[in-house]
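When you get a sec, could you build the whole thing from the sequences and use the hints?
Protein chains in written order, with the numbering used here: chain A, 1 to 122; chain B, 1001 to 1122.
Hints in this document: simulated from the structure, not taken from any laboratory. Check before you lean on any hint, since a few could be wrong.
Derived SDA-like pairs: lysine to any residue, alpha-carbon spacing no greater than 25 Å straight-line [as the list claims (entries may be wrong)]: (1) Lys1100(B) <-> Arg15(A); (2) Lys1100(B) <-> Ala103(A); (3) Lys1100(B) <-> Ser25(A); (4) Lys100(A) <-> Cys1021(B).
2 protein chains.
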Amino acid sequence: MATSGRADEDGPALRIRIDFCDRPSLGPGKVRLLEAIDQAGSIAAAARTMEMSYRRAWLLVEELNTMFAQPLVSTQLGGSRGGGAVVTPAGRMVIDRYRKVEAEAARATSALLETLTRDALS
Amino acid sequence: MATSGRADEDGPALRIRIDFCDRPSLGPGKVRLLEAIDQAGSIAAAARTMEMSYRRAWLLVEELNTMFAQPLVSTQLGGSRGGGAVVTPAGRMVIDRYRKVEAEAARATSALLETLTRDALS
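Now the structure itself:
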């Protein structure tokens, strides 16, 4: 069983999206972007490591910053593409909770996924 | 907490996609289509109830029928759009397992999702 949220030769994996009632959903792409910004220190650098356009990364950050009660990414001035960006404590909390939801869901369903693989795939 | 896989006023819900290593993934859209075919008895009628084009439904059924060891939908002759379709025992098993994975993941993560809602959304 893959527990990392990525399927591998050991078996299938879950991809988790959290649907909120009246706002955008939170899935693996936004969470990976937050983690990349946290590592890279800027939206532009994070977009490059994810092979995503700067514009798309920026739009996702804007969505992330308005869908929760507090902004998840804080940007510093520095020209249209030059400034740095940091993940706020609220952002780290959202990353952490999402990864915990993912791990807990993978743990709880691993036996079911194994039987699905055994019975339906082979 | 919504446990049906659909967010409502009670809180967020998980949307689950199962990623297999070397084949298409299985998510809520394909499973709902299988359930609609099971109810409606034809791909065309199922597509209509899902407000999906017949072509898209047909392509999804073709994908479902080749990604598992056995076909999930069996189609009867009857012209290009006229024939009936039934969900096979393998198809019912896949629906059942997916819904169980979904329910188990929702159950296992409900407390985490509640704290995410409380801490990040309000």
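Tested hints:
For the proposed pair Lys1100(B) and Arg15(A), the alpha carbon gap of about 15 Å is at most 25 Å, so the pair holds. Among the hinted pairs, Lys1100(B) with Ala103(A) is consistent with the structure: their alpha-carbon atoms are about 17 Å apart, no more than 25 Å. A hinted pair counts as satisfied when its Cα atoms are at most 25 Å apart, and Lys1100(B) with Ser25(A) qualifies at roughly 22 Å. For the hint pairing Lys100(A) with Cys1021(B), the CA-to-CA distance comes to about 23 Å; that is within 25 Å, so the pair holds.
Violated hints for the displayed structure: none, as all numbered hints are satisfied.
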